[in-house]
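Student: Got chain A sorted already, so can you dock chain S onto it with the hints?
Residues per chain, in single letters:
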Amino acid sequence: MRHRPQSHPINLCHTSVEKETMKRSALVAATLALGLVLTGCNANPELNDDSQSDTLGETHKGGTLSIFSEDPDIDFDPGKSQGLAITSLGLVLRRLTTWDIQPGKEAKVVPDLATDTGKASDDGKTWTFTLRDGLKYENGKPITTADIKYGLERSFSTELSGGLSYHKSVLVGGSDYKGPFTGKELDSIETPDEKTIVFHLNSAFGDFPWIASMPAFSPVPKDSDDPGKYGQDPVASGPYKVESNKSGAEAVLTRNDEWDEDTDPVRTAGPDEVVFKLGQDASVTSQALISDSGDAKNGFSASFVPASQLAQVQNDANAKSRLVTSGPGALAYLAMNNESKGLDDVKVRQAINYAVDKNTYRIAGGGEIAGDYASTLITPGIPGRQDYDLYKADPGGDVEKAKSLLKESGEKLGTLKLLVKNDATSVAQAEAIQEALARVDIKTTIKSVDTNTYSADATANKPDYDLVLGSWQPDFPSANGNIQPLFDSSQIGNGNFNLSRYENKDVDALITKATETVDPAEAQKVWAEADKTIMEDAPIVPLIYTKNSFLHGSNVENFVIGDFPAYPVYFKASLKG
Amino acid sequence: MNRAKFIASRTIGAILVLLIIAAACFAIFYLMPSNPAQYSCGKPCSSDRLAEVERYLGVDQAWWKQLFDFLGGIVTGRTFGSGAAAIHCDAPCFGYSFRLRESVTDLIVSRLPITLSLTLGAAVLWAVGGIAAGLITSLRRGTFTDSAVMGAAITGISAPTYLLGLLGVLLFGFTLNVLPIGGYIPLTENPAMWAFHLILPWVVLAIANGAIYARLTRGQMLEVLGQDYIRTARAKGLSETVVIGKHGLRNLVVPLTTLFAIDVGGLLGGAVITEKVFALGGVGTLLLEAVSSLDIQVIVGVTLFAAAIVIIANLLADLSYSLLDPRIRASR
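These protein sequences, in sequence, are chains A and S. Each step along the first sequence adds one to the number in the working numbering, with nothing skipped, and position 171 is 171. Each step along the second sequence adds one to the number in the working numbering, with nothing skipped, and position 271 is 1271.
So that you can see chain A by itself, here it is in the shape it has in the complex (with noise of 0.2 angstroms):
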C-alpha cells in the first residue's frame, strides 16, 4: 500500500462521450497475451530466478540517462514526499543521514550532510549531528543547519503536508506544531551555530539516525522558499539540480556544480543528464525496454515488471540478461480483523494460519518470482531478523490441524468478508485464498474495489470486513518499520496501516522498549522478541516476501538492488563509456 495506485477507477462524473474509456483491465490482460504471440513466446515458460544485480564497478561519466515513470509528475518538495532515500528524490537533495545500499548487502545508515549519524546522549532524548565542511548549494551558498530546522518545520504545516511523518511524534512539541508560515518555531531543534543541530525527542528513539534520512532533512533556504512552488524546482544540494519539470511530459536534472564528490559517500553521479519521461504507460515501456531500442537503452522504468510480462522477459535471453530480481523484500500478508466475531479467537486465526495455502496464492501473483514463502513479520534484509516459522506447515498449509484447532475453539463461523483491490491479480490471489478456507469449510465472500475505496476501507475507523490483503514495504530499515506501523494499538483506522486491529498491551510495550533502545544490536533482539510474541497471537497470515524485477537498457551499469528495498538505487546507475 505505500506506492501510487496504479489502477485508474472510471470518473463517475465524466460526461464525455469518448468511447474508449471502458472495458480496460480485461484489454490488458488481452494485449499482453497478444504481445505474446507477436513475439512467438511459450505462454507458459518456466521461470527461474537467476537474474541477479550487477555489481557495483567503476562509474563512467557522461551521457543522457533516462528514467521512464508512470506518474504524471514529480513533487521535489521534500516537505511532501515518500519516497526513498535511494530513489527520485535522492538524486537533488541531500540529508543528515543516507543509505548505503550495496548488493546482497545489508542497508547501511551513513552520513550525508552530517559528519556521523548523530550521537546520542546517555538517556537516546537528544541528537546531535554536525555538518560537513564546504557544502553548498546549487547557487554557491553555504548549507547550514538553520536551513535544516526551516526544511523540517515547513514540513509541518498542513499546506505541506503528505510526505514521511515519522519526526512529527517524535520531536518534543511536534504534535501540536503547526509549521513556521504562522511565525513560530519548533524549539525541539536548535541550532546553536551553523554546523551544529540538536534535537530533543518525546523519549528515547533508537532508529533516529534512519529517521534523519527521510526527505524533510534537507536543507531549505528558507530564502528560496515559495511553499506553492518549491516542489517544481527545489534548490539543489545533490548532485543534480532541476533544468526543467513539466507535468505530463518530463523533468530534465543536470549537473550541480556545486556539488563535491569527496564530500559524498554514496552518489556517483555518473550521467551528465538525468531525464524523467513522465506519464508513460506500462505495457509500452516494457515493451520498449524489452526491445532494447531509442532511449530504453540509456534507461530503465521505475515501476517493476508486472507478472504478466515477466514471462515474455524470461523466454527473451537479450532481455533476460538485463532484468534485475530484487531479493524477498515487501510482506504481502493476509489482515484478519481481530474484532470481527470468530476472527477474535486465537485459535481460529492460527487454524486460519494453517488453512491458507501459500502456494496456489503465489501462483495467482506470478509463481516462484513472485517472491519467496514467508512465516515471520521482519522482512529479509532487515537487520537482527530472526527466522522462525510458528505455524510449520507444507506451502498448500495443513488442513487437518486446521480443522482441529477450529474444532478446538468451538466458534461457529459465519461467512467471511475479504476486502482486495480490483485488480486482476489482487482478485486472483483472494480466490486462492477463498478456495484454501473452503478446505476448512470457511465461506468467504470477495470484496473487490477500486484502490481509492480500497485504501479508505481498510484504514477507516469502522472497519467493514473480516479479512484483507495487504502488502508492507518498511519506510526505513529497521525491524521499527516492519512492526510499529502493522501492529501497534495506536496505528488502528485513521487511516493508519494496523489493518488486523490488533491489540496487545505486552506487545506496545514491547515497541515502545524496543524503540526507546539505542543500541542497534540491544533494540534487534526486542524486535525480535516481538515479532514472534505478535505472531503467538496469529493476527495476520504471512504469505510471500514479495520480489520486484527491474528491466534496464543494455547500456546502463551499476544498476543495482540491495537486500532491502526491493527497488534500484538511481544515484548510483551509470552508462557505459
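It is possible that part of the hints are untrue.
[Said to hold, decoys possible] In silico DSSO-like pairs for lysine-lysine, Cα to Cα no more than 27 angstroms straight-line:
1) Lys-1043/S to Lys-108/A
2) Lys-1043/S to Lys-532/A
3) Lys-184/A to Lys-141/A
None of these hints come from the bench; they were simulated from the model.
Tutor: Same frame as chain A, but now just chain S:
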C-alpha cells in the same frame, strides 16, 4: 424564433446542465467512502492532522457547501490556508489542485494544446477517411470492396482503442521501428516533429472513431440513392458526379455534422486512453490522474470543461443546420 433568442435560451439551459453536473460531482465524492485528505496527510498520519488537512482542503464541509464555495470562487476567487503559505486562486477560479499546485484553469490551458492537436488531426483523418469509405461502398454495394471495407469498419468500431494503440506501438514503434512510440513536441517548437509524433495516435483515434462515419454515410447514401428524385436527376441526364455530389451527399451533411460535433467535443474533453498509451499529457491524462488521487477540484473543473465543450459543439451544430439545409431555413 430568431437566432439571438435561440442562443440565449440554449445558454441558460447549458448553465443549468453544468450546475447539475457540478452538484452531482460534489455529491458523489462526498458520499464515497474515500477521504481525499488521507492522500495529503502524510505517513504516519495522526487524527488531529487528518482533521486539519480536511479543513484545509475543504472536504470536511457538506457537499452543497463545497458546491457553493466552488461557485463563489468563480465570481470572487478563493484563498486557501492562511499566513505566508496561503494560496490565492484569482477569479474566475474554477478550482485549485493542491497536488499539482496550480489552478485548474492554468492546468487545462497548459494541457489543451496537446488534446487539441490530437483530436483535430484525428478528426480530419476520420471524417475524410470515414466518409470516403462510406461513399465508395455505397456506390459499389455488394462487391468485394463493400464487404472488405465494411468488415474493417466493424473491426474499427469494436476494437478497443487501448488494444489498437498498443498494437500500433508494437508494430510501428518496435517491430518496424519507423514511428516514435509516444511523447509530444509542441507545434511551435518543431512542426515536422509535432506531426511525426502524432501520426500513430491520430491514426489509432481515427480508426476507432472513423468507422461509424463510414457506416452512417453508406447507410444514408443507399437510402437516398433509392429515392425518386435521384432517379429523376439521373433521367434528366445529369452526370453521376452531380447526382451524387449535389443531390445525394447534401442529405448527409446534417447528420454527419451532428455526429462530428459531438465526437470532437467529447474528445476535446480528454482522449483518455489514447493519451495514456502514447504518453501524451493532455486533458484526458489530467483527469485520469485526478480521479486516481481524488483531486476533487480538478475532477469537477475538467468535467465541467468537458461538458461545456460538448454543449458548445452541439450548439454550433444546431446553428449550422440552417446554413447547411435550406429546408430548415424555410421552416423558421
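Student: Are any of the numbered hints broken by this structure? If so, which, sorted upward?
Tutor: none
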